[in-house]
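**Student:** Note that the protein sequences, when read in sequence, are chains Z and P.
Residues in the first sequence are numbered consecutively from 319, following our numbering.
Residues in the second sequence are numbered consecutively from 439, following our numbering.
Some clues are possibly wrong.
Within a straight-line C-alpha distance of at most 27 Å, the following computed DSS-like cross-link-like pairs (lysine-lysine) qualify [to be verified]:
#: 1; chain 1: Z; residue 1: Lys401; chain 2: P; residue 2: Lys659
#: 2; chain 1: P; residue 1: Lys655; chain 2: Z; residue 2: Lys402
#: 3; chain 1: P; residue 1: Lys500; chain 2: Z; residue 2: Lys408
#: 4; chain 1: P; residue 1: Lys682; chain 2: Z; residue 2: Lys402
Since the hints were derived computationally from the structure, they do not count as laboratory data.
Quick caveat, the model's predicted, so the values are computed rather than measured.
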Amino acid sequence: MSQLVLERLRARFGEKILQTSSFRGDDEAIVAPADWLEVATFLRDDPECAMNHFIDLTAVDYPEREPETPRFDLVLFVRSLVKKHRIRLKTRVREDQGVATLSQVWSGGDWTEREVYDMFGIKFDGHPDLRRILMYEEFKGYPLRKDYPINKTQPLVEYRDVGPSKLAPFGGDMGNPFGRIDWLQRLGGANRQVSPAIAVQQGQKKTLSSGTEEKN
Amino acid sequence: MEPIEEYEDENSLELPAEPMRLNMGPSHPAMHGTIRMVLDLDGEIIRNVDVQPGYLHRGFEKSCERGTWSQVYPYADRLNYVSPMLNNVGFSLAVEKLLGIEVPERCQVYRVILGELSRITDHLTCNGAMAMELGAFTPFLWMIKVRDWIWDILEAETGARMTHSFGRIGGMAKPPRPQLKDDIRAILPQVERVLTESEALLIRNRIFIDRVANVGKLSQKDALSLGITGPMLRATGLEVDVRKDNPYSGYETYDFEIPVGHQGDTYDRFMVRLEEVRQSCRILQQAIDRLADDGPINVSDPRVILPEKEAVYHTIEATIAHFKIVMEGVKPPAGEVYSYTEGGNGELGFFIVSDGSGTPYRVRCRPPSFINLKAAEVFLRGEMIADIVPAFGSVNMIGGECDR
Chain Z
319 MSQLVLERLR
329 ARFGEKILQT
339 SSFRGDDEAI
349 VAPADWLEVA
359 TFLRDDPECA
369 MNHFIDLTAV
379 DYPEREPETP
389 RFDLVLFVRS
399 LVKKHRIRLK
409 TRVREDQGVA
419 TLSQVWSGGD
429 WTEREVYDMF
439 GIKFDGHPDL
449 RRILMYEEFK
459 GYPLRKDYPI
469 NKTQPLVEYR
479 DVGPSKLAPF
489 GGDMGNPFGR
499 IDWLQRLGGA
509 NRQVSPAIAV
519 QQGQKKTLSS
529 GTEEKN
Chain P
439 MEPIEEYEDE
449 NSLELPAEPM
459 RLNMGPSHPA
469 MHGTIRMVLD
479 LDGEIIRNVD
489 VQPGYLHRGF
499 EKSCERGTWS
509 QVYPYADRLN
519 YVSPMLNNVG
529 FSLAVEKLLG
539 IEVPERCQVY
549 RVILGELSRI
559 TDHLTCNGAM
569 AMELGAFTPF
579 LWMIKVRDWI
589 WDILEAETGA
599 RMTHSFGRIG
609 GMAKPPRPQL
619 KDDIRAILPQ
629 VERVLTESEA
639 LLIRNRIFID
649 RVANVGKLSQ
659 KDALSLGITG
669 PMLRATGLEV
679 DVRKDNPYSG
689 YETYDFEIPV
699 GHQGDTYDRF
709 MVRLEEVRQS
719 CRILQQAIDR
729 LADDGPINVS
739 DPRVILPEKE
749 AVYHTIEATI
759 AHFKIVMEGV
769 KPPAGEVYSY
779 TEGGNGELGF
789 FIVSDGSGTP
799 YRVRCRPPSF
809 INLKAAEVFL
819 RGEMIADIVP
829 AFGSVNMIGG
839 ECDR
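Pulled out of the complex, with its shape left as it was, chain Z reads as follows:
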């Protein structure tokens, strides 16, 4: 049924569709990374395709096929609400190569692209907020790459109560005069202000109880 979509894509883009295949009822088209955004937008806007329902975006890592073929398969799944057909769109990207973001085409692309960046390290050009999503900020490496050993350990993360980088994308806290930590100052390079107990340990602050001992 979604063969129609493949034919439509071939008719519209011709040479730009590098390969099409249908395996066990899944229809797939492969495009170059440069055409990724254009083909995706066409899939959404063309009345014959009408792929307005975003399904999923993920990647597969094939390190052994480098350098002939780029390492990552970026796979997009979309579906049409009205026509009920589905298609799998694929592109092949290298490790250092960025690919255009689809988050403006389908807003579901936002988090799934962040996840692909988090797990595979593929950069999305023009993504509004490309942070790690499942892992934490200080995580080293990209866990779903094949060259990431499953038993690899990670370095210990330095103490932080709330780091500026982990904050939400809408900037540092401009208000809240009752807060314990002055974020504006800290972002400006002021001394680390830590929780009272840690400050005592690090000698930044005197313990309150030492007052009685000094009397003696």
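Got chain Z sorted already, so can you dock chain P onto it with the hints?
**Tutor:** Structure of chain P alone, referenced to chain Z:
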């Protein structure tokens, strides 16, 4: 004391009006333990919200890449742990699609039965927990009581209350017990009763309705663009259900309806889930009448199904076949397929890539919770801070599936 005359013009006083940054979760009872939300508040109005999942990440997809295909089942159980059987069935169907085999009809009916039981537990948990977070404790207890009776059936059937690991490639671990039909016939009136009773307590309750109606509205266009599926999408009024659109396991032969909402608010999501429990009961009624008392439960394919235990002990061929399947695993042909089923929260998809060996090359789970959760950033903007609890509860975010 300062003289009061100094403050004679109250309008000249400036109240602090900066937005306030509030951190909600991950250790917050309404965040289900695993979600952090950073809120930008203007008084009680949410101006901006950043939802941060990931606190329950266990590396599901990475772990799958080092065992055999059958060893994925225990991990799949722990994705959506309030309806683990749906994950088992979903993964089975994915590998079977790659292998190009189809299970016998008895097994399909059996999978429908177990899956619908799981769907009932899923929706009862979500609705019960949502009501409890709004202070209605009694419906929660009633729904959890029935859920536990259903889990008793599943425990008798599979041996485990939650983490069944009961699916197999090309069938199920065991044929159904003879008492299964009677157990389900006994439980269905109870489910119906608790639904009616909870409805009487909740949907005629002014406090509950005020907290959920017109809260957390999601438009159809937003929902589609975000990739929302399942009860959340149906609450916006779109009749989308994988069981109807792309039927699997013989769902096209069952008589059931898809409940839809009107405007995609929290109330609609609540009601869609309640009605879906009724529809699941309808499917169960038809399925238990259809379940054959005997017949094969597994495909008769020696490449994927373990030989009979009796034969393993007494013949060398069966011993070798057993050894090969256990040690090397089932070997699907090289290729990639995407198989999708209707899970508790929406489309549960598995995109699996095989290189022809007994170990998965890549198992991608399309997690409905994760993709639905993104909608919270959209529909919470502009709401009051107290609305987070019911609206987020109606997303039915399951940490195991969202963070994998």
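**Student:** Given the proposed pairing of Lys682 (chain P) with Lys402 (chain Z), does the C-alpha separation stay at or below 27 Å?
**Tutor:** Judged against 27 Å, a Cα distance of about 11 Å means the pair holds.
**Student:** Does Lys659 (chain P) sit within 27 Å of Lys401 (chain Z), going by the straight-line distance between their CA atoms?
**Tutor:** 16 Å, holds
**Student:** With a cut-off of 27 Å on the C-alpha distance, tell me whether Lys500 (chain P) and Lys408 (chain Z) pass.
**Tutor:** Distance ~21 Å between Lys500 (chain P) and Lys408 (chain Z) Cα, so the pair holds.
**Student:** Please verify whether Lys655 (chain P) and Lys402 (chain Z) have alpha carbons no more than 27 Å apart.
**Tutor:** Within the cut-off at roughly 25 Å; holds.
The structure agrees with every numbered hint stated previously.
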